[in-house]
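Going down the list, the protein sequences come from chains A and B. Residue numbers are given in the numbering used here: position 117 of the first sequence equals residue 117, and the series is strictly consecutive. Residue numbers are given in the numbering used here: position 410 of the second sequence equals residue 410, and the series is strictly consecutive.
Don't read these hints as lab results, they were simulated from the structure. Note that the structure is predicted; figures quoted are calculated from it, not measured. There could be a bad hint or two in this list.
[To be verified] Restricting the straight-line Cα-Cα distance to at most 27 angstroms, the calculated cross-link-like pairs of lysine-lysine (DSSO-like) are:
# : chain 1 : residue 1 : chain 2 : residue 2
1 : A       : 194       : A       : 143
2 : B       : 135       : A       : 306
3 : B       : 205       : A       : 143
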Amino acid sequence: MKSKLAGLILLVAVIAAAGIYYLIRSENQITVLDGYLGGEKIGLYEDEEVAEILADRYHIQFEYSRAGSLDMVTADQTGRDYLFPSSQTALEYYEDEHGRPLASEIVFNTPIVIYSHRLVSDALKAQGVVTEQDGVLYADMEKLTQLILDGTAWADMGLPELYGSVSVDTTDPTKSNSGNMFAALLANVCNGGKTVTEGDVAQILPMLEVIFGRLGYMETSSSDLFNQFLNMGVGANPMIAGYESQIIEFAVENPEDYERLKDDLVMIYPTPTVWSTHVYIALTEAGEAGVQALLDEEVQRLAWEKHGFRTSGYGITQETVPGGVTGVASEVTQVIPVPDYDAMRQIIDGLS
Amino acid sequence: MSLYYRFLILKRKCRNYSPCRLACNVRRLFVLLMAAAACLALAACSGEAENSAGDSRFEGSAGGETLRIVSGSENQELEHILEDCARETGVNIEITYLGSVDIMRTLEQGAGGYDVVWPASSLWISLGDTDHLVKHAQSVSTTPVVFGIRESLAQELGFVGREVSVKDILSAIQEGKMSFCMTSATQSNSGASAYIGFLYALMGKQQAMTAEDLQDEGLKAEITELLSGIDRSSGSSDWLKEMFLNGDYDAMVNYECLIISANRELEEAGRETLYTVYPYDGLSLADSPFAYVDHGDESKEEAFLEVQEYLLSNEAQNEIQRTGRRSSNLGVSEENRDVFREDWGIDVDRVLSPIPMPAADVLMEALNLYQTQFKKPSLTVYCLDYSGSMSGEGNEQLVEAMAQILIQENAQRNLLQAGENEVNIVIPFDDNVVDVWTAPDSSEESLMALYEQIEEEACAGGTDIYQAAAEGIRRIASDYDLSQYTPAVILLTDGMSNSGMDYEEFKEFYLDSGVDVPVFSIMFGDAEEEQLEELADLSNARVFDGREDLIGAFRSVKGYN
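Generate coordinates for the entire structure from the input sequences, incorporating the hints supplied.
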């Protein structure tokens, strides 16, 4: 009898425990959000600390397919909850194609920079195209653009070991954001340093066509181009356009590799440069939850400390750059606004 | 927390793979032990089960995930590393080798049968991944596409110890001092890269080529002349090396790593080694990206990341360098420099400054021009088995396969369309040569008419492969100037040759004819593999397995000339 009772109590206890467990579980039900992501943010998405915060505090988990910022706007969005491109232009493009999204929010920013090798930056310094201030390299975009347009051979820049002419490799400006932003920058430079408006496009487009036409095949993802830059050596990519965040994330994730590469690898801030604005676009109601989650203070901190995205809350000094990355500007002041969507649309169409 | 993120934490803790391998794998040890017995049994009877299509499988653990990889043939040399990888990670690895163009097409069609793509160059992923299925792409190694030239010939041509351009090589070809082997530009990355490099050099262009550049008449004459220096072609880089080793040729265009591998074998055999020439005005680099194809299976993705982590670990990278490949971003470590021998012309210190790849549409146009106008026209004799056993399904498949090659709309899809001066001959046979049909030219209509003849012919009688093949060789040797064509006999059979001519008689006839014409075979039904291998060995050719996929086999073999 006693043992029967004990058995009954145990059974009730088990049922109760299971019930409570089930309740807690269903409360913590994780919603999986699927969407398109710009390749440069994959590191952030795969960061387990970030994933844990998203799961614990917001009960969401991000799944993604990688796509170029502009490509994703026209890609098949069936079953997708969000887009996470890297420019305001992509948002405006989206609005133009599909109308106003359920929600959108700027999550963080990063300036467009040029990655290069010591060999190249030294030669450019000697030519007065690149200057150094407080350990930070800056490129005079007017001079650099002229060298590119003139088709100046690397050999004439004192680099006979490089075949070809001065160029900055970018991702495809019609498909991916970093290339698109660099095209915006070049457009402004060709426009005499003034932000291009719709009326200016006809005049500067031929110059852009020359510059991008000479690049040939262009990658469609910023992370692929950056990886290629790291892997293929100075000969393959003497200079590429990318995001400042890329080198910081690389250094944090691969301290040994960064240590080995850092003497050769340089980051050059174009003067002026443009900001890449990472804006989250919600496509479904479930997707809206992503906005708040990404703006979480901890997530924002991790975005800078581990992935190099500048967020509003963090003052930057050269001593506190994550990963011990050298040559990072504490402030990026020489910035020119990106042309508005209508002008950018014309540039994209012209380069397609 | 999902299993996936938990895994990522584990993965991060294991960045440096080898020291903590044990800790990470304790949990797996039990499974491994359980699997060991089964593996042993399997290994004992099949080794690393390999079918004749060149696919391989490496056992990880019995309960482990299985990754299906589609890879360029050059990675065949890394199989011992994959074998270790499967053992260490517990992931079962299946690998299928395809040319780069086929990998691109596979991706375009969704790559349903594969979890991983591993082509020679990222370019083919970028071109093929129209559905955004690919992620986690990481370069496993890099290797430039170079010329390997017989040491003494390189000396004689003055190519040793100085910078050499494509134009220098063209001069050597024009003067009749050199010929070379190269893979098909429309089937294989090394051939495509070299060909694009040739075009840049001949255009004298250092910036991306345009569609207009390709229309230049002078260019057409020069590139045709350069490509006329090709004495043997192939659909795959690895087999090109094998073919080179089995024959007696001046030079080959191939990956630096395969030149190193060829030299090892040449040296071992006491033969003359190849000197490596990096044509500075037409150089390209292969970056060997190992990339995940996302079909939404999380545990496959975990397995992928684990395998990729292994391949990028210092331990595996060291092994990879030992095969003559350069590590991505690490280059070549001091202790592995002995592999990259200076006396073979290998130079790991030079800055490799590759030519820019043209935009996708220009590249495709260039490849089409290669196939239809620039390359040496192919001269192909198809010896097709119409014996009684072929009737029914066998014959239906044969007809369908020929439709893929001869009907130009189909052929174009695989960049196998007929070139301007291409010659197509069909010899239907049973225990006799039934007939010889020669298409009068390579126009769409003529090839269609040839196809219709194939379709109408009925099956009957026994099998004599030798007589048919001999007739093919006889026609090629007597009717054509072989310096103007890339010749091949393609023999399809489903049976054992048991009447008429025998191998010894054929061998005598072949050697007497004095021509270097490969006799490729496609094995079908109950074909006698040994007989076909004999023919392949004799003529430095290869046997393709059409038993599972006859159409695929025909397409592959067509990529060889």
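Structure-based check of each hint:
1. Between residue 194/A and residue 143/A, the direct Cα distance comes to roughly 16 angstroms. Compliance with the 27 angstroms bound is thereby established for this hinted pair.
2. The straight-line distance between the Cα atoms of residue 135/B and residue 306/A is roughly 21 angstroms, inside the 27 angstroms bound, and the hint therefore holds.
3. Straight-line distance between C-alpha atoms of residue 205/B and residue 143/A comes to about 24 angstroms, which keeps the hinted pair within the 27 angstroms bound.
No hint from the list above goes unmet by this structure.
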